[in-house]
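With chain W fixed as given, assemble chain U onto it according to the hints.
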Amino acid sequence: GQQLNQSPQSMFIQEGEDVSMNCTSSSIFNTWLWYKQDPGEGPVLLIALYKAGELTSNGRLTAQFGITRKDSFLNISASIPSDVGIYFCAGRPSNTGNQFYFGTGTSLTVIP
Amino acid sequence: DVKVTQSSRYLVKRTGEKVFLECVQDMDHENMFWYRQDPGLGLRLIYFSYDVKMKEKGDIPEGYSVSREKKERFSLILESASTNQTSMYLCASSGYDRVRGEAFFGQGTRLTVV
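Chains as they are written, first to last, in this note's numbering: chain W, 5 to 116; chain U, 67 to 180.
Okay, chain W solo, but in the shape it has when bound (with noise of 0.2 Å):
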């Protein structure tokens, strides 16, 4: 199955630095998610895009939802230690309805 293109990989910075991954396909999607997991744990849902261009915003996460409707942008402000964890994107491609694929992964670092 189709694995998204995620970046960085990895990341390490300081408490309090703002923190910036994408994800990229080959297909277009209807909707893009972003989830956290903890180390041992499930992923957790943490923003659903709908629509190209849409911007949505949770606390200090924002995500949007890119206009090629190809990409999608995950962003943490002022980042904080229980910020740690791995990010995944997730698409849903318009051709399907019922799949997700999802990226590798972006692994946060954060120094306190």
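FYI, nobody ran anything at the bench for these hints, they're computed from the structure.
Which residues of chain U face chain W? A few of them, derived with a C-beta cut under 8 Å, are:
no., residue
1, Asn97
2, Gly108
3, Leu109
4, Phe114
5, Tyr116
6, Leu156
7, Gly167
8, Ala169
9, Phe171
10, Gly172
11, Gly174
12, Arg176
Reference excerpt, derived from the structure (chain W facing chain U, CB under 7 Å, subset only):
no., residue
13, Thr35
14, Glu45
15, Gly46
16, Pro47
17, Leu49
18, Ala52
19, Arg96
20, Asn102
21, Phe104
22, Phe106
23, Thr108
Only pairs whose alpha carbons sit at most 20 Å apart, straight line, appear in this in silico EDC-like list of lysine to aspartate or glutamate:
no., chain 1, residue 1, chain 2, residue 2
24, U, Lys69, U, Glu88
25, U, Lys136, U, Asp94
26, U, Lys123, U, Glu96
27, U, Lys137, U, Glu96
28, U, Lys121, U, Glu88
29, U, Lys69, W, Glu45
30, W, Lys40, U, Asp104
31, U, Lys69, W, Asp42
Where a beta carbon is used, it is the ideal one built from N, C-alpha and C, also for glycine.
For chain U alone, coordinates are given in the frame of chain W:
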């Protein structure tokens, strides 16, 4: 609060055993999925189901089967567990909607086959 619940957090099984992983969702979702997650390989789809008694193979169905007798429950079966099936298994569910649809995950089952 939406909920996807997997029956076990940790399992240790012997090679050759038949293993059942259970997943229950309380959101009346049509779609349910089983993934395995391995370091460096990301999430890989094993099977999914879009309705009761319906199932579709994902990317890595070999060595696995599934059962969906009720809408809220989706079981993953390892017919004869092998050490290369040691992994984190994640169940997810979503609504059947081409425009709006979010997948929710369970807490994961860490399976070790010895």
